[in-house]
Amino acid sequence: MFQKPLTHLISFILFVGITFAYAETDLDALLDEVSKYEYGKSRESLSDLNKKIVESLNLGTQEEMEQKLIDVLNSDATLAAKEFICSEISAFGSEKAVPSLIKLLGNENTFNMALYALHRMSAQNVNQQLRLQLPKTKGNKHIAIINTLGERQDSKAVESLAENLKSSDSKLIIATASALGKIAGDEAVSALKNAIPKTAADTQPVLLDAYLSCADQYTNEPQKAQAIYSDVLESKYPVYLRSAALVGMVKTSGKESLKTLHRTLKEEKGPMQSMAISLIRELPAGTDLSSLTAEFSVLTLLLKIQMLAALTDRKEASGRELAIQVLDDKNQSLRLAALNTLAILGNENDILLLAGIAAKSKGVEKESARKSLGQLKGQNIDQLILSKIPESDTSIKVELIHSIGQRNIKDSSDLLFETIASEQNEVRKESYQSLSIVADENDFHKIIELVVNPEDKTNAQRNRSLAAKVATKYAKSDVPVTLISDRLTTINDLEIKSALLNILGKTGNEKALLVLRNSMQDNNEQVKSAAIGALALWPDAKPLNDLYAIVQKGESEKDRLAALRGYIRIITADDNIDWDEKVSYYEKAMNYADKSNEQRMIIRGLARIETVRSLDLLRSYLDREELSLNAQLAILYMAPETAQADPEKTKAALKHILDITSNDENRHEAQIMLDQL
Amino acid sequence: MSNKIKISRRKFLKQTALASGAILGAPYIVPSSVLGKNGAVVPSDKITLGCIGVGWQGTENMQNFLPESDVQVIAVCDVDKTHLDNARQIVNKHYNNQDCKTYENFRDVLARKDIDAVSLGLPDHWHAIPAIEAAKSGKDIYGEKPLSHNLKEGRAMIIAVNRYNRIWQTGSWQRSQENFRFACELVRNGRIGKVSRVEVGLPSGHADFAGTKKFNKISEPPPELNYNTWIGPAPYLPYIRSRVHKNWRWHLNYGGGQIMDWVGHHVDIAHWGLDLDNSGPFEVSGTGEYPTDGVWNTATKYRCEAKYANELTMIIAGGHSDVRGGTKWIGKDGWIWVNRGGIDAHPKSLLNDVIGPEETQLLKSPGHIRNFLDCIKSRRETLTPCETAHRSATPGHLGQIAMLLGRTIHFDPDKEEIKNDPTATAMLGRAYRSPWNL
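Chain order of the listed sequences is A and B. Residues in the first sequence are numbered consecutively from 3, following our numbering. Residues in the second sequence are numbered consecutively from -12, following our numbering.
The hints are simulated quantities; they were obtained by calculation from the structure and are not laboratory data. Heads up, a few of these hints could be off.
Coverage of chain A stretches by chain B, computed from C-beta distances (three or more under 8 Å per stretch; other residues unrestricted) [unchecked claim]:
#1 133 to 145
#2 169 to 181
Which chain A residues stay away from chain B? Per the calculated CB distances, all over 10 Å, these [as the list claims (entries may be wrong)]:
#3 L304
#4 Q385
#5 R615
#6 R621
Here are the simulated BS3-like pairs of lysine-lysine, each with C-alpha atoms no more than 27 Å apart in a straight line [unchecked claim]:
#7 A/K368 x B/K33
#8 B/K351 x A/K653
#9 B/K201 x A/K38
#10 B/K319 x A/K478
#11 B/K351 x A/K317
#12 A/K544 x A/K508
#13 A/K238 x B/K100
#14 A/K54 x A/K43
#15 B/K351 x B/K33
#16 A/K53 x B/K204
#17 A/K54 x B/K288
Using N, Cα and C, we set each Cβ at its ideal position, and we do this for glycine too.
Please take these sequences and the hints and turn them into a complete structure.
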């Protein structure tokens, strides 16, 4: 009973043992190869070793691997090999690796790679060993070890590092201060505080930055942090350092810093005032800002803009009052800032104010006022806008109607159906625009009525455009298509019939496609042409075959051309068509394109595909006189992309351009690209 | 991609009228000056700018600052003399004078008291130190994404920027585009219901942006480049041309590959839509394919899964065809997808929605650079402050560690600590080559 399993077990042990022995041998051979690696040679062995290291890490067998890597570090392996091993061991090396790495610090050529490893390692003895190196090193090496101790936040290094602050070597002082700033804590603070007044002008900012860094790290002891910030803030140090102290003070003191901000705003100049205003954002919600906003009128233009921005960001109601005060200012930038503030802080009382500004101004100011009116927040705003339209003067009315579209105000279509009949053209125009946004499928019957029975010719085009926009928007719905189909059966006016077919063409709706296909069989030539024209507007590839059949066998030149243009347009527009298929379609289209416009459309489309197939096709056009110039430009356009996929074909195409072109610029650019390839 | 090639692309766009408004950017709606009349600004009222790092992206950013009438670029800085000369010429030509000063050492730029702000356009491994030093010098900062080369640096940058209360804008410019903002507003306002999954599709592979892939052997650095400073705080490696300008991003010493190049765009947008600008994942796993040989060593194909509170999962993938390029939020009632120049939704009707005044409305940017300049003046927070950029990069940093270690990372997004995994914890930061220090 037990014989078999035991045999299996022995076999298994033997198998594993042999496998391991093989693996061991493989690894040793690999390490041997890696040990001889030189920069610039094949990296295959390094890649293989990396894979084995990752495997060992994931299997939890890295101890043995680490020892083998340490052995390489201790061997006479090449520098390149040791650099690679240091990089690998940096991620998982243990205390065991530290002595070998410390030894490598002693060699000029291996110092950086060893420190790279030690810097990252979490082993307990790294800091202690690095501290021991401090007295043994000089210059850049000494500084590099200080940097690493700083990054590792070794608090035990502070005492010995602090001595460096008394040095006359500015590089040493800078490295030390930076390290102390990262380590932080009372001892580091004390060392920095003592050294700051005594240090030279060029090192003082670094010490102050380290001092501030220590303050930032007193997250649980805000008083200690504030003492540092106050130290720097009340000094005569450069503005950017005092600004940083102000930042820290406000972030740690909350409401208490209001007085500091106010004092800064009143007593200081330019950059400090600017910082104080910027920090308004950091004050706790609910802080009474009246002492700060009271200074608004005496601030410079730029500071006013900054205060409006800060109050807006905080959504402070007082910002609205200040903004209204400066809406008439002579400086446009301030007026624009005020308008931007009203977009966020404005209320229902500002509707007519903003509409009025939009009505009387031009350009960017008009746009800003419109944008603000479009963004005004409040439950009643939409209803108030609608209610004010009938009673407003034309220019204000136009702006209010414009805002309907911007705000997408629901239940406004009834009003807009009235205003599109206004006597004022501006009102009509704006009403159509907004209606095209807010109208939904329930409004479609009214819209079709407008198309079928236009009041006048000016509105006829607007009605059709409105119907097309709304039908396209609700393309998935059958409502617009059904309404139009019904009308098509009862209407005799060919112009209106054509217009309705045209609307169907833009929808991309399945049922609309059936209607159009049927209409293409109509006895009336005008209806047939209208259906072809409508198919040419189709948003996707579904009618490609219909169009191609007309391109080939259409009865009239006009229809064939319309179909060809639609065919090319759809190929270009529909991103769902496979690129190779697109190239084939374009090739077919070119056989029927005898006008330069269509030829150019095809070449443009091919250039955008940027595949080797499209390159091939374009190349075949280089020798056709009527196509050559555009084909050259297209190849030059796409060459950087096709060169990735097929450099040889790209080179051949560029050489072809050199052979045939009479255009100096194209020749020049083809030559440059060839040189680069 | 070289500037020349870009010019070709732009020329083609212009000549064949291919460009859409979305590509070219919307017109500014805020005037170019807060202080000036009719956009004119007296020289003393201009924001003075120093551009540190004027290679590829740095020069592009600089060129985007130049047309702003309330900015004066007065200094450019680079460790490559060719870059420096080129940038100086561009600036001087723009202003029609010879006033722009050049520097090799960024500290000399920061020491200038007459400089208000800096634009940093440096490789990832050089993001943190100049940014922290700039904040300590009282400058406002335009920096690039990803915020930092590693997570610890990112936090150190935030601490410095906050201590000195500086204005920070990250080059995550998609936030300034209409389609991205609208997509995020739709998500924020619950148009697709509770979001349980967000898919972020990023590029894969290694693009040879500098055309230097073939220069893959050790050689002497060119005389115009101060290579030792270019390496700076990163571990030293001998000069190989294909590892330096533009293509540095494909080496882990200096960049983070496609994933880190792009998290600052599409993960940034994913976070913006979900109001996660101050939070992060609690668990990240991932798999990546890393080249085992050659000069470049960042992942060419990758897939990470990040789990967030409220049963939200984010997929970040490059080279996986099931994840569409861009950002796609999937909610209980539909989905929204957005990418450069495109937006799509299910149901489609969402795309016609209007965000009402009582709903969450995100800032309509006047342009990314313009937003930064306006915020310097108003002292408002920009669209992509330092903390936001750090949070956008975090899933990438953690994903990178998870991929390199081949295991799931458990993370505390409040304390920013990896739980019970000293190896992964060690990888959150790295030592700097002496004498550099944060």
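Hint by hint, here is what the structure shows:
Only residues whose C-beta sits within less than 8 Å of a C-beta in chain B count toward coverage, and the region 133 to 145 of chain A has 3 of them, enough to reach three; the restraint holds. Here's how the region 169 to 181 of chain A fares: 3 of its residues keep a CB closer than 8 Å to some CB of chain B, so the rule of at least three is met and the hint holds. Not every CB of chain B is more than 10 Å from the CB of A/L304 (nearest about 6 Å), against its label as outside the interface. Distance check for A/Q385 against chain B: the nearest CB is about 13 Å away, which clears 10 Å, and the non-interface claim stands.
With a closest Cβ-Cβ approach of about 18 Å to chain B, A/R615 is found to remain outside the 10 Å limit, as its non-interface label requires. For A/R621, the requirement that its beta carbon stay farther than 10 Å from each beta carbon of chain B is met, with the minimum near 16 Å. Between the alpha carbons of A/K368 and B/K33 the distance comes to roughly 26 Å, so the proposed pair stays at or under 27 Å and holds. For the proposed pair B/K351 and A/K653, the alpha carbon gap of about 43 Å is over 27 Å, so the pair is violated.
Proposed proximity of B/K201 and A/K38 is supported: the alpha carbons are some 25 Å apart, at most 27 Å. For the hint linking B/K319 to A/K478, the alpha-carbon distance of about 19 Å falls within 27 Å, and the restraint holds. A distance of roughly 19 Å separates the Cα atoms of B/K351 and A/K317; the hinted pair therefore holds under the 27 Å criterion. Note on A/K544 and A/K508: the hinted pairing holds, with a Cα-Cα distance of about 13 Å set against a maximum of 27 Å.
Between A/K238 and B/K100, the direct Cα distance comes to roughly 17 Å. Compliance with the 27 Å bound is thereby established for this hinted pair. For the proposed pair A/K54 and A/K43, the alpha carbon gap of about 20 Å is at most 27 Å, so the pair holds. Pair hint B/K351 plus B/K33 holds up; C-alpha atoms about 24 Å apart against a cutoff of 27 Å. A C-alpha spacing of about 25 Å is found between A/K53 and B/K204, which places the hinted pair at or below 27 Å, so the restraint holds.
This hinted pair checks out: A/K54 and B/K288 have alpha carbons roughly 21 Å apart, not beyond 27 Å.
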